[in-house]
Structure formats: C-alpha cells, structure tokens
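The residues making up each chain are set out below.
Protein chains: 2
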Amino acid sequence: MIKIGVDANGGDLGVLATVGGAMRAVSMYKDIEIVLYGDENKIKPLLTNDERISIVHTDVTMDMGEHDPVRAVRTMRNSSLDMVMYAAKNKEVDAVVTSGPTQCVIMAAHLIIRRLPCMERVALCPIIPNMDGNPRLLLDVGANVELRPEHIGQFAVFASVAAKEVLGIKDPTVGLLNIGSEPGKGREQEKITYDYLNTVKSINFKGNVEPDQLINCPTNIVVTDGFTGNIAIKTLEGTAKGMGQMLKQDIKSSIGGKIGYLFMRKNLKRFSKRMNSKEVGGAMIFGVGAPVVKAHGNSDAYAFSSAIKQVYNMVKSDLINKVIAALPKEEVNTNE
Amino acid sequence: MIKIGVDANGGDLGVLATVGGAMRAVSMYKDIEIVLYGDENKIKPLLTNDERISIVHTDVTMDMGEHDPVRAVRTMRNSSLDMVMYAAKNKEVDAVVTSGPTQCVIMAAHLIIRRLPCMERVALCPIIPNMDGNPRLLLDVGANVELRPEHIGQFAVFASVAAKEVLGIKDPTVGLLNIGSEPGKGREQEKITYDYLNTVKSINFKGNVEPDQLINCPTNIVVTDGFTGNIAIKTLEGTAKGMGQMLKQDIKSSIGGKIGYLFMRKNLKRFSKRMNSKEVGGAMIFGVGAPVVKAHGNSDAYAFSSAIKQVYNMVKSDLINKVIAALPKEEVNTNE
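Protein chains in written order, with the working numbering: chain A, 2 to 337; chain P, 2 to 337.
Bound conformation, chain A alone:
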C-alpha cells in the first residue's frame, strides 16, 4: 500500500479541490491510501467515499500571500502544510502533495523532511506541456536564485532518473537553458556549467537549449538556475494564458466568431487541454528525503488528482533510492 499525505487546506480552493482529488485518486489506484491533513469540519461533508482515506484534523492554513516562508514554516507547526511534512519525515506517509504557497512548500520540505545527503540543493521542477504531447522537465524554477555548476549537475542526474522512472523515457536527454545554441554562449555561469555538464557521465547532455524551444523542446530535461528558470516558466505561462484569453475575447466579439466556435469547440478545447498543466500534474520538489509534489495553487479536483497520480508514480518507482544510487559520493562535494 502506498500512503500519500495530502495538505487538504492548501491552495486557492482548499478542501473543494483536495478532497475531490483524493477520492478520484483512490478510485484510480487500488494500492493507494490517503491521509488528509486539514479541517475535519470542512472535509467530512465533502468526503462521500472514505475508503482508504483518513483525516488528521487541523484548521490552520498557510496563507497564500505569506511573505516570510522560513518564519511561517518554523512557527506554524500545526498548519496542514507543516503537519503533512512532519508525517513524511516520520515515515507516517510515503510522499506529500500540496497546493500551498510555493516558497513555503519548498522551505517546509527543506527544513522538515530535510535534504538528501547526496544533494546540495533542493530544486523545484515543473512539467512543461509540449507541442508533441510529451512533457518536458525544467529545473530549477525558483528554489535557488543562484547555483553552482555542481548543483545544476546534481539536478540533471536527479531529473534524468525521474524522467526515466516516472515519465518512462528510456535515455532522457539534458539541455542547458541558454541565450544561444552554440557552446560559449551566455554568462560566465553558463559557460562553466556547460563544460561541467559535459563531464557528468550519468547524464546524456546535449548542449544548450534556447528559450524559444521550451514548448517544442529538443531535450527531455532543461536545467538552469532558479532565477532564470522562474523567469522562463512564468513568461511561458503568462503568454499561454494571455493568448488564450485574447482568443476567447476575440471570438466572442463577433457573430462569425460565435458561429465558428460552435463548429470548432472540440478543437479549441483540445488545444487548451494540450497546453494545460492540469493534465500533467504539479511541480516536483527534488532533493529532499521523500517525494513531494506542489500542485498549482488554482488546482481543481481533477488537477489535484493528477498531482497525486504523479507522486504515486514517484513512490512506486522507488525514485529517491534510485537517485541515491545514481549520485555516487565522489561526485558530491558536501560543503555548502
């Protein structure tokens, strides 16, 4: 039985998304068991089927607008986020899913579950929908604003194992996000990282990937520092969302558009589904001692169930132990 801890109070919709998502996940997998950390009074009326679902009560929630994540994680021990992280630390659950505030989730995973000895940094790794229908991994997108080449190398190893074990990609390829495709492009940082990644034997490094290729990406994995990755992922999400809105506005603005929509409805839905992160799950947190998935803050029950499915696959494939095996101690410098 795989036991998943769910931060039931987290996210914009709170229990409305997490309880429905949990019931959906349990009905999909017979070997899943879910513990909901959250407000019992709000959960119970929604929990129409509690087979393999239990509740640990707390009505304290980490605020989505939290400005001091470290302080919040350290002081709000009875919040649903802290509680589910402690459950993972104490092996009461195998993994965690939350749609709480991103920086709090990263800090809670870091401070409570703790880093793996073989990883010097923790990374946030979303799944990027791509034009060919196959998802890509991009990391780091915001856990660390600055990183050394060795840290990016460890992320590349971790993501390669995850791409193989969780996404089922045979020999995952790795690219370095950069402003040009040739070697020698970018800042000093990219030049050194490029050379370093070429020396990491356990990854299949293919060189630089330009940002305009992110949704039509030549590699399965793209690595970068957390500042650059955050700029890229937010630009991508903002552009995709904005274009969708503009298209909708424009269609509604004329009779021709409205009639056309009736015929094209299925196409437009399929289009928006292809670019929709709800299908692919959430962002994975790499580097701590248990699988953690951060679902989008605005996840509905369907999106939340995708995130549970994702973390289920991370546990099922024994991801963490395979990463430990893939990161030999000699590759790692334990000084911080």
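No lab work stands behind these hints, which were simulated from the structure alone.
Hints may be right or wrong, so weigh each one.
The list treats identical chains as interchangeable, and a pair is accepted whether it falls inside one copy or across any two copies.
Calculated pairs, BS3-like style, for lysine-lysine (alpha carbon to alpha carbon, straight line, at most 30 Å) [claimed, not checked]: (1) 242 to 192; (2) 270 to 192; (3) 270 to 249; (4) 45 to 259; (5) 92 to 45; (6) 259 to 270; (7) 186 to 270; (8) 259 to 202.
Based on the hints, put chain P in the right spot on chain A.
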C-alpha cells in the same frame, strides 16, 4: 528631409523584403529619403519606383549564422551592414534600419557609430505586443549579459524618453523584471537595482514586474539585464509562435475545425495580428549616436516598412538629443 540608411542585403529575405519595404515607406512619408546599401543587380529589377530612393552598391552580406560578430564587423568593411553604419557615423544618413544578424548589428552600431558619452552601455530594446493593444518596451534583451544598476538606470531614462517621444506615452512608467512583485525579491542584483531605480528622479519607477505579466503589463517599460531579457523575450516569442502553430494544426485536423475556421477566419487573423511583431516594427538599439532599428530576421516588405516608420519617428522626434538632455552628466559614471 529625413534620410534613412537601409542595409538592403540583410535578413532572411534580403532585397525581396528591404526594397519593397523602402518603396512602401517612401510612399507613406513625403519627407523621407532612403539610401539602399546593397546589391544593385538584385535591387534594380525590384525597384519599380525610385523616387527619393538611391542605391550604394555592395554585394557583400553579413552571414545570418555569423559566430564571431566582433571579427565580422571589423573585417567586413564592404558589407552592407558596415557600410550603412559608416554612413550614419559620417552623417550621410540620419538613421539605420537592418534585419541583419542581431549580435553583428549591435556590435556594428557600437564599434562604428559609437556610444553616446552619456550612455555606458548599449541596449537592444524590442517592442512587446500587449493584450490591450498598446506596445511595451523591454530592455536589455541581449546586448549585455551582465549590467550594473547604473546601466539599467540609464536604459530606463533612455526608454522613458523613447516611450514619450516615439510611442506618444505621456508619463511612461518603468518596472524591473523580477521573480516576485514585492521589494526584496530576486538575486542580489535585482535588490540593488530596485533601490537604485528608486533614486533616479527622471523616471516613473513602479517596482517589480513579474514575467507572466509581460503581455499584459502594468508598466510601459520593463528593464532587466540582457541575459534575463533575452530569456524572457525568446520564451514569449517561442510560446506565442508554438501556440499559433498548434491551434492551426488542430483546426485543420477535423471537418468541424475547418468549417468553424470559415466563420472565425477574421477573428483568428485579428488575433494573430495583435500578437504579431510585424505591426510594431523592430528592436531599437539605444545608446549609440544615431537611431538604429533592427528588424526581425524574417521580416517581409510590410514588416520592414514598419521598422523604417519606427526609425523615422525616432529621427523626427529628435530622440537622441532629448536623451542627452535627459541624462545629466552627474548621473553618469564614465568609468567602464
């Protein structure tokens, strides 16, 4: 009379775009005169109306795949790009339009026309189409991978004058591209730059702008270093282009989609026009002694004429002298 120098050989389409663009521009503005630097044998058959258009012959073209821009600019003195830049330096033309290779254009402007004494760095500043139909300025997007706060401050002043004089925005606002909206977000670099921009009196600084706001932007101008700006602009362009392609594929894949398209044709065209850089001109080069516009490499005649129109407005508004007046010497540290 405003005299514009055109690198007629540059760009993916070469004379096919530049000659048509020049004829179009001359027919729009009666006070424009154009000098085409390019291959006379190829230009003449296309030049069906040479009123106020002259040719300076050269059949040497800077290669779009040029890997060593500094060497290319220094050695290819008889290339159309170098020649038009020398013409601007020697005041034979008032401004330059080219769709040549970006880094070569920046280097040629820098090495041949030369930096303004009041500007310590040269910036590449594209116009970003926005959802509200009003363009925004983003800089730097690739002239400098690393910048000090004072350099970004000078860019903010330059762009503010350009937004006012060229785009007709009354009191242009400035934002700093960053991974969070609150002060104190980002790398050390963003924190220092944020504080510095608050001290620059001649700009209207509004704080941080997140990348997901770029196409729905709260400020008229967004400043950042050239690496981050290049990551953002390329992610935006790649996502917009990729989404457009996916939508097209999807529509063509079913009968419903094809019928819907007949009704929705106008909407989809308007939609793609709104996000199309062909309408808004090219990227401006800020910081050298003459207005230079770098049109998209894949510009057609229409897009190229928009770029000529843009540089025409830069000359007409006396942009360079207004920037010199707006950048008092005490704000500038001339040590490099």
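- request: Can you give me the call for residue 270 and residue 192, within, between, both or neither, at a CA distance of at most 30 Å?
  value: neither (42 Å within a copy, 42 Å between copies)
field: Copy assignment of residue 45 with residue 259, given that the CA separation must stay at most 30 Å
entry: neither (42 Å within a copy, 48 Å between copies)
query: Is it within, between, both, or neither for residue 259 and residue 270, if the alpha carbons may be no more than 30 Å apart?
result: both (15 Å within a copy, 15 Å between copies)
Residue 92 and residue 45: within-copy, between-copy, both or neither at 30 Å Cα: Cα proximity of residue 92 and residue 45: one copy only (25 Å, versus 79 Å across).
Intra- versus inter-copy proximity for residue 270 and residue 186 (alpha-carbon distance at most 30 Å): Neither, since 39 Å and 36 Å both go past 30 Å.
field: Within, between, both or neither: residue 270, residue 249 at alpha-carbon 30 Å
entry: both (11 Å within a copy, 13 Å between copies)
query: Taking 30 Å as the upper bound on the Cα-Cα distance, should residue 242 and residue 192 be classified as within, between, both, or neither?
result: between (33 Å within a copy, 28 Å between copies)
field: 30 Å Cα threshold - placement of residue 202 relative to residue 259
entry: Classified as neither; 55 Å inside a copy, 49 Å across copies.
Hint compliance for this structure: hints 2, 4, 7, 8 are not met, and every other hint is.
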